[in-house]
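Based on the provided sequences and hints, a complete structural model is requested.
Each chain is listed here by its residues.
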Amino acid sequence: MPVFVVEVMPKPEILDPQGKAVAGALSRLGHSEFSAVRMGKRFEVTVDGPITDATRARLEEIAREILSNQVIEDVVSITEVTA
Amino acid sequence: MRIGVITFPGSLDDRDALRAIRIAGAEPVSLWHGEHDLQGVDALVLPGGFSYGDYLRAGAIASHAPIMSEVIDAANKGMPVLGICNGFQMLAEARLVPGAHTRNDVQHFVRRDQHLLVENNSTAWTTKFSAGEEIIIPLKNADGRFIADADTITRIEDNGQVTFRYVGMNPNGSADDIAGVSNERGNVVGLMPHPEHAVEPGFGPDTASHMRSGRDGLRFFTSVIERVLA
Amino acid sequence: MSADTVDNAIATPDKEQPYAALGLKPDEYARIKEILGRRPTSGELAMYSVMWSEHCSYKSSKMYLRQFGQKVTPKMREKLMVGMGENAGVIDIGEGWAVTFKVESHNHPSYIEPFQGAATGVGGIVRDIISMGARPVAIMDQLRFGAVENPDTARVVSGVVGGISFYGNCLGLPNIGGETYFDAVYQGNPLVNALAVGVLRHEDLHLANASGVGNKIVLFGARTGGDGIGGASILASDSFDSTGPTKRPAVQVGDPFAEKVLIECCLELYREGLVEGIQDLGAAGISCATSELAANGDGGMFVELDNVLLRDPTLTSEEILMSESQERMMAVVEPGKLEAFLAVTAKWDVETSVLGEVTDTGRLVIHHNGHEIVNVDPSTVAVDGPVYERPVAYPSWIDALNADSASTLPRPSDGPTLREQFLSLVASPNLADKSMITTQYDYFVMGNTALSFPDDAGMIRVDEESGLGFSVATDCNGRYCQLDPYQGAQLALAEAYRNVSVTGAVPAAVTDCLNFGSPENPEVMWQFQRAVEGLSDACEVMDIPVTGGNVSFYNQTGDVAIHPTPVVGVLGIIDDVARRIPSAWQEEGQNIYLLGHTNLELDGSAWANTIHAHLGGRPPAVDLEREMALGSLLHGAALEGLVTSAHDLSDGGLAQALAEAVTRFGVGARVYLDDILERDGVDAATALFSESTGRVIVSVDRVDDVKFVGLCEARGYPVLRIGVTDRKGVEAELDVQGLFRIPVTEIAQRSAETLPKYFG
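These protein sequence lines are chains A, B and C, in that order.
The numbering used here applies: residue 72 is where the first sequence begins, and numbers increase by one.
The numbering used here applies: residue 18 is where the second sequence begins, and numbers increase by one.
The numbering used here applies: residue 371 is where the third sequence begins, and numbers increase by one.
Incorrect hints may have been included.
To be verified - Label-pair distances were calculated between CB atoms; the ranges are:
#1 C:A713 <-> B:D90: 23 to 33 angstroms
#2 B:E243 <-> C:E790: 56 to 66 angstroms
#3 C:P756 <-> A:V147: 54 to 64 angstroms
#4 B:P83 <-> C:V623: 26 to 36 angstroms
#5 A:T123 <-> C:V623: 34 to 44 angstroms
By construction, these hints were calculated from the structure, which means they are not laboratory data.
Keep in mind it's a predicted model, so treat the numbers as computed, not measured.
Glycine included, each C-beta is placed from N, C-alpha and C at the ideal position.
Structure follows, in structure tokens:
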């Protein structure tokens, strides 16, 4: 069945303390060439049935309205993956 | 005078909110997230907890619960609505109040007896406080950092929509030390600390005079009773 | 892979089975064959192997634990509604209310995956409480980690605390107390014990038995997946299935939201009277739940494994039987009530499936894919497991250890050195401020927490009208137990008893979590034997029953076992929580009294540990009758409101008790030791740091002085005025007259710096 992968990241101007903590850990472990980390979410959404333009439009809406909070997050990509 | 408290799957402080309403002298009414029925209450409380496990984002899934359409409708018509902690997160997700919440800047859950400044005593829930009054209300959460873009912050500060501010220390990195906000009209208020845990002597926060004696939370509920019955 | 069926087992009696890899001894395997009259199927082998494991069967400890059931006085039986053997003990607290409580360990998983190990530990003990028909109302945890300086300790600490915070807070249960210790002996074997308390009306009591032929067996909660399968994978590895998900994870992952929903769902099922029997699924999952329910009931059950709702469709029969997926319960439901039952679970969105029913065959029969894969007498699985009498040997090292007393260590007599040692003690990891940990826990939720950390016991209000409530404290000093496990166990009970008494409650019941090294080590078995004997003897003297508990063996790395650590929890009853006594004074100008005698007893003390890195000698003497008298006195004082605070003396002696009393609310004190020195014939260092038992400091309002002293004299309990409470605010100080003065802020700062330094 077809699957959409939706990626959501905190907006660039938002402080991301979790990403910052991960970057700190990397540096403490000696990986100083990796200078920054930002942490987001990846959703895999399975579609029952064929994908139409209407499906794609609905998914975009869902990504904006439910999977992300537009005040603090951006939907950075929506990709169709053929399983 | 009937005040409703909505229970969502994972709500925790709903029973405590019901108790606080009873102590304040109103009739507490238990409402269910899945029903389109506010049962004719005069005011509403969205309680604290971990609705839906905080999955996706705190308050996100709850903000789409069936009863929320009635809540939004009633709020827009002027019904007093109080969102406590997870309830505040729901109000923000539902765009009934401005801003959003993320993980505490200290990265873990924080429970403390928090000092707050009452910035605006003209909302439906704060009339019994004096402007600039300092109160103590328990705070307990992991995703309490209030943020909004610069324009929104300016707007809510200028409009007097900042209802409470953290004093003494900012426990979670909230912008401008904002602990609670209201909508423009002042009938909908959201705050991270828990007034329902500061209503009963012996079970509230510590105060300078005695252990567990804080009762500043009671006036949230007596304020709204006064406002509605007026 | 097709399952190994009963027919197949009969047809292939000589098939080689990996019983050793599953943890069974050759004689145990032979016994199973004897019981069944044939070889076991793979499914039956998996069931027996887990249910007969040390963790589930208590085979090495059973013969000793019997003492808790044997040394029982009539008074101990008075309030006991459910004793050992059920999911948790239950006692009557009056007014038609009952309380159920238990402590359990989740040690090994918490070393492997600290966050999930600790989280699922909380989940597991809470489910035990729910399965008694109770609403869980509080949790506590007893944590023991390695040395603070060891970098691995930080990994374990942050994971464990995070896990408890995550799961407990999300369930909405106040965390009202516990202990946190650091000692190198726990480096590779941290101890994570979790306690939960629940409240119920007498008529809501439910037991885990499947009675009533034709009653349905219903599994509800989370779906069953590949969590914690462990041994069953060995069976699966017989023919590796490459189409399944990657190899089964051994660690269980908890979902507290699912458990919160389960709590509410169960309580509604109980309210509506829809459940005849109920069992939670923990270790050994479905195989444990079915065999225990059947064994405790009419003895017969039929289960259709195909009906189990799966998260992972590739699981084999054995894996389904053994899965330890969390947040699942099994209920016994009358057929006529099934529809109503399903309506409630549907309302809460809890997935449910009817697995089978109670029968009168006396056999647990399980079918899968149309074949019979299990056919056993359930009591042979769940009840009549092997009972070992392990070899016991008096430790070769203990006489030398006992001869090396701390009384020979140099004790200072000058003010400045005493001051310095006082502050070192206060700042030592075991005595330091634990706020860094405890501020990650909620105690406000449910609005009934009358006392919480740093008070000596947690106290919960049960009845909002009458104020009826209970207090719980947990204690154990592993260092004392290393010196003498019999006495150490008694000291643990005495301390928990005292901690409950100082809050104004009357001790009524005991639970225990016995953490020890390997039972295959005869010296460890000696420690275990002595500890259980000590604890059971002490319970008999103090007239309070052990209502249930847990044993955790194999806490050792290589040859080095942990110190024997029998954690003892005591629950007490208070008629009205309004009469609770906090642990520290809040007003200036009150008198401070010390109850009890101080002797030179520094062996195993925090002072010996911190100042001299010394462990040797014999633990402090314990006088159980004295502790009971002290408890009774405190109860009397609470009833009449004669004391404004009471704090027990334990680790760190009087010094630590004073430090905690002045820093709690920032109210200083002026104390003088002269009277102690004179009456008890000890020096200043001993007065400050000795850990003699049966001692409490109290603050008394001047108007109640005469009455209070009169009460002590009437009861014949030694009492000495040692000082007066002083200023609060920036000038507050602890003035130990003639010796040293320390600003309260300095004590607080030294204490608060330690944990963040290592774990912040």
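Now for the hints, and whether the structure bears them out:
1. Taken as a hint, the range 23 to 33 angstroms holds for the pair C:A713 and B:D90, whose Cβ atoms sit roughly 30 angstroms apart.
2. Between B:E243 and C:E790 the Cβ separation comes to about 58 angstroms, which falls inside the hinted range of 56 to 66 angstroms.
3. In this structure the hint that C:P756 and A:V147 lie 54 to 64 angstroms apart at CB holds, the actual value being about 59 angstroms.
4. About 30 angstroms separates the C-beta atoms of B:P83 and C:V623, a value consistent with the hinted range of 26 to 36 angstroms.
5. A:T123 and C:V623 have their C-beta atoms about 37 angstroms apart, which keeps the hinted 34 to 44 angstroms range intact.
In this structure, none of the earlier numbered hints is contradicted; all agree with it.
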